[in-house]
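When you get a sec, could you build the whole thing from the sequences and use the hints?
Residue numbers (the working numbering), protein chains in the order written: chain A, 1 to 646; chain B, 647 to 732.
Please keep in mind that the hints were generated in silico from the structure rather than gathered at the bench.
There's no promise every hint is true.
Claimed, not checked - Computed list of lysine to aspartate or glutamate pairs in EDC-like fashion (alpha-carbon distance at most 20 Å, straight line):
{"hint": "1", "chain 1": "A", "residue 1": "K221", "chain 2": "B", "residue 2": "E658"}
{"hint": "2", "chain 1": "B", "residue 1": "K728", "chain 2": "A", "residue 2": "D589"}
{"hint": "3", "chain 1": "B", "residue 1": "K728", "chain 2": "A", "residue 2": "E590"}
{"hint": "4", "chain 1": "B", "residue 1": "K705", "chain 2": "A", "residue 2": "E280"}
{"hint": "5", "chain 1": "A", "residue 1": "K221", "chain 2": "B", "residue 2": "D652"}
{"hint": "6", "chain 1": "B", "residue 1": "K668", "chain 2": "A", "residue 2": "E273"}
{"hint": "7", "chain 1": "B", "residue 1": "K727", "chain 2": "A", "residue 2": "E265"}
{"hint": "8", "chain 1": "B", "residue 1": "K653", "chain 2": "A", "residue 2": "E550"}
{"hint": "9", "chain 1": "B", "residue 1": "K704", "chain 2": "A", "residue 2": "D276"}
{"hint": "10", "chain 1": "B", "residue 1": "K687", "chain 2": "A", "residue 2": "E277"}
{"hint": "11", "chain 1": "B", "residue 1": "K720", "chain 2": "A", "residue 2": "E265"}
{"hint": "12", "chain 1": "B", "residue 1": "K729", "chain 2": "A", "residue 2": "D605"}
{"hint": "13", "chain 1": "B", "residue 1": "K705", "chain 2": "A", "residue 2": "E277"}
{"hint": "14", "chain 1": "A", "residue 1": "K476", "chain 2": "B", "residue 2": "E658"}
{"hint": "15", "chain 1": "B", "residue 1": "K704", "chain 2": "A", "residue 2": "E281"}
{"hint": "16", "chain 1": "B", "residue 1": "K704", "chain 2": "A", "residue 2": "E273"}
{"hint": "17", "chain 1": "B", "residue 1": "K704", "chain 2": "A", "residue 2": "E277"}
{"hint": "18", "chain 1": "B", "residue 1": "K704", "chain 2": "A", "residue 2": "E285"}
{"hint": "19", "chain 1": "B", "residue 1": "K687", "chain 2": "A", "residue 2": "D269"}
{"hint": "20", "chain 1": "B", "residue 1": "K653", "chain 2": "A", "residue 2": "D225"}
{"hint": "21", "chain 1": "A", "residue 1": "K231", "chain 2": "B", "residue 2": "E681"}
{"hint": "22", "chain 1": "B", "residue 1": "K687", "chain 2": "A", "residue 2": "E273"}
{"hint": "23", "chain 1": "B", "residue 1": "K729", "chain 2": "A", "residue 2": "D589"}
{"hint": "24", "chain 1": "B", "residue 1": "K653", "chain 2": "A", "residue 2": "E214"}
{"hint": "25", "chain 1": "B", "residue 1": "K687", "chain 2": "A", "residue 2": "D276"}
{"hint": "26", "chain 1": "B", "residue 1": "K653", "chain 2": "A", "residue 2": "E215"}
{"hint": "27", "chain 1": "B", "residue 1": "K705", "chain 2": "A", "residue 2": "E285"}
{"hint": "28", "chain 1": "B", "residue 1": "K705", "chain 2": "A", "residue 2": "D276"}
{"hint": "29", "chain 1": "A", "residue 1": "K231", "chain 2": "B", "residue 2": "E658"}
{"hint": "30", "chain 1": "B", "residue 1": "K705", "chain 2": "A", "residue 2": "E273"}
{"hint": "31", "chain 1": "B", "residue 1": "K704", "chain 2": "A", "residue 2": "D225"}
{"hint": "32", "chain 1": "B", "residue 1": "K727", "chain 2": "A", "residue 2": "D589"}
{"hint": "33", "chain 1": "B", "residue 1": "K729", "chain 2": "A", "residue 2": "E494"}
{"hint": "34", "chain 1": "B", "residue 1": "K705", "chain 2": "B", "residue 2": "D686"}
{"hint": "35", "chain 1": "B", "residue 1": "K704", "chain 2": "A", "residue 2": "E280"}
{"hint": "36", "chain 1": "B", "residue 1": "K729", "chain 2": "A", "residue 2": "E590"}
{"hint": "37", "chain 1": "B", "residue 1": "K653", "chain 2": "A", "residue 2": "D546"}
As the list claims (entries may be wrong) - Derived contacts from chain A toward chain B, CB cut-off under 8 Å, selection only:
{"hint": "38", "residue": "S480"}
{"hint": "39", "residue": "L529"}
{"hint": "40", "residue": "P597"}
In this text, a Cβ means the ideal position worked out from N, Cα and C, and glycines have one as well.
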Amino acid sequence: MPLDRKLAIVDLTSGDIEIKAIPLGIRKKFLGGRGLNAYLLLNYTPDDVDPYDPDNVVLLAGGILCGTLASATGRCDVMTKSPLTGLLSSGNMGGFFTPELAHAGFHHILVKGKAEYPVYIFCHNGEVDIRDARDIWGLPVSDTQWAIRQDLGDEEVKSAVIGPAGENQVAYANVMTGIKNSAGRCGAGAVMGSKNLKAVAARGTMDIKIAYPEEALEFNKRFIDQITSAKVNQTMGTLGTPFIWGATNSWGGIRTRNFQYNQTEYADDIEPEHLDEIAEETCGEYHMTACYGCQVHCRAKYRIPDGPYKEVYDEGPEYTSQGAFCGETDTPNAITLLTANHLVDKYGVDNLEIGSIISWAMELNELGILPADKLDGVDLRFGNDEAVIEMIDRICFRQGWLGDTLAKGGIQASDIIGKNSFDYLIQVKGMSNLHSDERATPALALNCALASRGSDHLRSRPAIDLYHLPEPVLRKIYSSPIPYDGPLSSEHTEYIGKPYQVFWHENCYMAVDCLGICKYHTTFLGATLPNFEDWSKVLYYNTGLDMTPEEIWDVARRANMVERMYQLREGLKRDDLRKGDMLNHRYFDEPTRRGAPDVVGRVIDKEKFVKMIDEFYEYKGLDKEGNVKPETLKELDLEKEPSHLL
Amino acid sequence: MVEERDKLSTAESLRSTRTYGKFRCHNPTCMGRLEPKPGDKEIECPICGMRFRVAWVKKGFPRIRGPVWEHNRKIAEEALKKKGVE
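So this is what it looks like as structure tokens:
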């Protein structure tokens, strides 16, 4: 049964390994994946621990549906305390690692301590070993995975690994699997590096017994039909996520030159149709591929057609790479995009974070805040493709003053650079904003400010707000599974009704992260994709766990609240520009200048924005300061946390 | 709960609201429905005047590839001037 999958606790200092069953009571409260990881993080890390202290833990987990007959359950949630933000580090990646881990008998791996020398952890059919990785240390991401397969003599081994960026403790280094799947943004790879942990590998042949296999298969047909019939997924299966960047750039929702403009003009070279042509020319007609059990196929295969890395194979690029290496840096060239995308995959570093920090440094250079004598000879101008490529290398290997400084992350780098450099850092809670520009979309701006792990689009963004859906359609979506009769607006330039949308999506995305399903299979980019009602059935047929849609909603609320409790414990304060729920001043002060006529000249109205935060806090059960109300703790059965029940 | 196996979920019931062969103008408060003819490579919004390049995901499934840059830039500059933003 999926419910039989275990938690392994690995202490790298002592070498002790403890394998624990996950009690049903805990499952019902948190399901698995991100929710249960949040519970474990809160319970297993001391207050205010340094992210690189051996007492910090790293958690890797599949969702409760991982490895079952449900679609797209290959997600892996990676959680720790972030060296980038000093707060929650939470990343979620696709691929094939966690299904293999589930077949090896495990859903959750908790790693603490620090090994004396580089090691990797191997999970196989109910057992866990710690193995020597000294010969593997230093290898790039993909080579590491093949070296582990060679070491174990089994080509079917799957692993979650770090690359050189993690070893060098770049504050936004990723944990990765496959060619490009990344648990990114917050530096979990650097924490693994600090523990001398190169990888967690898995190989399993244990059965996963499905509770009601016939019904599970039958219902999954409906589920798949829902997923594949959605127009957004048909587009994604053809063009990948770059179509999102293209569509958003078209009307002026893309930040450019750090945050100076909101559209990258004449970006034809990196439009999704052109990238698709390159993928087809270099990898053939069937160049789209997918993660475990997924029907969307959103990932392109490609070879770099020209330049110093000509012919090199990689996958993607995602829309985040377009934003990071083309829009923000104003270098909209396909070769730059495909090359930079390859380098971040090779070194194991977050594309979005590194692109953002390079573009920030470019603006500081333009303004004279970062003087020429600090650039180590790099011509750090907007529009300089070579500088983008060069800086990726320098940051990942911490070369020179600038590479080393930027490797520490935006806030630490701004402390070192000084002057008013922090004012130009587009971040929330220490994490860079996505490449999108939300000055014309208050709901999306609110999501950036409130996302649990820092500015982020994958924790609560109501992306369907951009579709101008009629009010009755919005009403149907947002009134399930919990009734909602408050205001809603189809206008995405409006403020009304948006806090509830952000609150609903926060719970939707947490639920999907606990189940272990990909966000492209829920109400993220498509209004007709499955959510709570559908999951209730999928969960029951696959695991036998009989939970109503409302109960799954409660799990999501509870897990989100645990993340909030962790953030508050580690220093989150509502209006703190470094650790709080507030946007950079430029959202309120600098009007947009490009894009559609109804987009130009927009800023976020700060007074209305603050009211939106107040309203969101009320829905969530927080007080005016953003702290958890005692009655909320009681309602969500969290009064005794940390409870140390597992 | 699960005995209601055949009942459509909210998300499934919304399928009937899908439109095919059309997309919306990218101007946020316009959002006019645009319906390019098969094979069209450009389309202009009759309401706000923005012009877009059209790509076809497959037959009968158009999408906006991007703006007609010069045309839409002029509209944006005029709008910016009208709003008094320097």
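In rising order, the numbers of the hints this structure does not comply with: Every hint satisfied by this model.
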